[in-house]
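For reference, the chains in residue letters:
Protein chains: 2
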Amino acid sequence: MTSARLPAIDPRDVPASRGSNYPDPFAARVAGRVKRRIGDALGLKNFGVNLTMLEPGSQSSLRHWHARQDEFVYVLEGELVLLSESGEQRLTQGMAAGFPAGLADGHCLVNRSDRPAVYIEVGDRMPGDAATYPDDDIAAQARPDGWTFTNRAGVPY
Amino acid sequence: MTSARLPAIDPRDVPASRGSNYPDPFAARVAGRVKRRIGDALGLKNFGVNLTMLEPGSQSSLRHWHARQDEFVYVLEGELVLLSESGEQRLTQGMAAGFPAGLADGHCLVNRSDRPAVYIEVGDRMPGDAATYPDDDIAAQARPDGWTFTNRAGVPY
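Protein sequence lines correspond, in order, to chains A and B.
Quick note, the first sequence lines up with residues 223 to 379 if you use this note's numbering.
Quick note, the second sequence lines up with residues 223 to 379 if you use this note's numbering.
Next comes chain A alone, as it looks inside the complex (with noise of 0.2 Å):
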């Protein structure tokens, strides 16, 4: 432990958590996402703010889009491609993105290069929110105990 003390923390003091609630085959691919949750261990409610990083080939999420909840990432360290609607670009150190709420353009981070990337990512926590995957079989819909996932036609994974 750092000497941080709330309500500021270092976030090396954070527990980091790999895995995923995908279910399978989707989790394979977020398999090196590591996430610290500093905006829970902030006692933050209204959003979370995870400090995340992501291993060389790996991806931040299926590419995906949210209906209700607005979505931002901050680039600390590494590169990262990001992926849209409006096709790939590359983000360096300093770089952000975001996406509002219900706005159909279906995104994620990928790192292809050859060393981790660092990122902050920022979510809010609106309620009766879903997500949608343009390019898998899969349906996302946020329930007050968590996210429950189908696929397209609304069969439980």
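Derived by calculation from the structure, the hints in this document are not laboratory data.
Every residue, glycine too, gets a C-beta built ideally from N, C-alpha and C.
Incomplete in silico selection of chain B near chain A, CB under 8 Å:
1. Ala230
2. Asp232
3. Gly265
Subject to a maximum C-alpha distance of 30 Å in a straight line, what follows is the list of computed DSS-like cross-link-like pairs (lysine-lysine):
4. Lys267(B) / Lys267(A)
5. Lys257(B) / Lys267(B)
6. Lys267(A) / Lys257(B)
7. Lys267(A) / Lys257(A)
8. Lys257(B) / Lys257(A)
9. Lys267(B) / Lys257(A)
Facing chain B, according to a computed beta carbon distance under 10 Å, are these residues of chain A, among others:
10. Tyr296
11. Gly316
12. Gly320
Once you have looked at the hints, place chain B on chain A.
Chain B only, in chain A's frame:
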């Protein structure tokens, strides 16, 4: 302009704005604060994200806390002093702080160093917010068209 295109941006392409909506004489304390409203530039609505630079001698705000909105900061460059009810602490690159809605812990950042400090700040936009200032005779109420300031007795500035 850099080559970044939405949904990505290079924050250097976002206009920098100086100044505050604080009434006199309080505005002088944040005169060395320069914000780039990158969340707005990305089209985000549920929360705001600023890339903010504090010149030596300036501070982020009056010491305050919010009734309904969460706040988060992440230090990118330089060194800041966080003032809160738990005393002073030094925040260096990579440290974070968070201020949960409704927690009566007035806080602000002060740049006591001899070089600029840069941080990301995030705040949601929960309606019906109010800000309380434990050190100063000022109070703020969020209205649909912006913040209004009075003294503690309710007399408008």
